[in-house]
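Visitor: Chains A and B, in that order, give the protein sequences. Take 1 as the starting number for the first sequence in my numbering and just add one per residue. Take 95 as the starting number for the second sequence in my numbering and just add one per residue.
Take these hints with a grain of salt, some might be off.
Claimed, not checked - Taking CB as the label site, the calculated pair distances span: (1) A/49 with B/142: 36 to 44 Å; (2) B/209 with A/27: 28 to 36 Å; (3) B/130 with A/78: 22 to 30 Å; (4) B/119 with A/82: 31 to 39 Å.
Please keep in mind that the hints were generated in silico from the structure rather than gathered at the bench. For glycine and all other residues, C-beta sits at the position ideal for the given N, C-alpha and C.
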Amino acid sequence: MSDPTITLYRLQACPFCERVVRKLHEHGLEYRSRFIEPMHSERDVVKRLSGKRTVPAIVDENTGVTMSESANIVEYLERTYGERPQSERGEGGV
Amino acid sequence: MDLDFDVVGLGEADHPAEGEKAPEFTRPLVNDEFWEDVALSELCAESEGPVVLVFHAMDGAFPATYVWNEIRDRGWHEQATVVGLSISTPYAHKDLLEERDIEGDHRLYSDPANGVAEQYGIAMDLDGMTGLAEPRPAVFVLDSDRTIEYAWVGEEWPSFPDYDAVEAQL
């Protein structure tokens, strides 16, 4: 198995997480899913990464970005992987 | 166990033997913070020492408790990568890791549909729990390319691994 460069921290059945999953699929992006605890107080792993205990959170090794909040993530994915062809990716933000 | 009656016999299992390659599978592997799909081959390739794969009764059943208490106290994780596998969900596994105080050093595969036990030829139906099946108690010690260095599969129910024999492999 090759290691996808995008890791999605998610909570089972969380609609905000599914929103991000939909966007990842839309752009054909490979990602690794890491499921965390429902209990807020036990979500140390996302707190360490993003500074918040909320999910979804993504870590994108392509760009070095770590981010939470589904609206932000969707916008980020759109901006980074949307519309522009693959060959033009990684040339900075719009 | 010394009992003055016969325990349930399971007969011989047709499981992969020492020297053979352990069947490959991918299942959610639960640690103290999250779970993610991990292939057995990946686990073996990344392990510094051997991998000890422990099939056990569902979380909460006394054999699961006994087995993990013993493995924890023996400190196998210092020489090996020690992972369990049961039909319990990742949520139950999180509790087991915490309750047995094995967080951080041990991880547990979750296989509610019991497909891995079927691949390994060690599936057993549970009498009185219609529709449920789980693995027989079993221990496999694997090297970095999944070759089986030691295999033990229980032939009675309940039964417990020969811990000293496993330890001799580490």
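Visitor: Hints first: check each against the structure and report whether it holds.
Guide: Hints, verified against the model:
no.: 1; hint: A/49 with B/142: 36 to 44 Å; verdict: violated (25 Å)
no.: 2; hint: B/209 with A/27: 28 to 36 Å; verdict: holds (31 Å)
no.: 3; hint: B/130 with A/78: 22 to 30 Å; verdict: holds (25 Å)
no.: 4; hint: B/119 with A/82: 31 to 39 Å; verdict: holds (36 Å)
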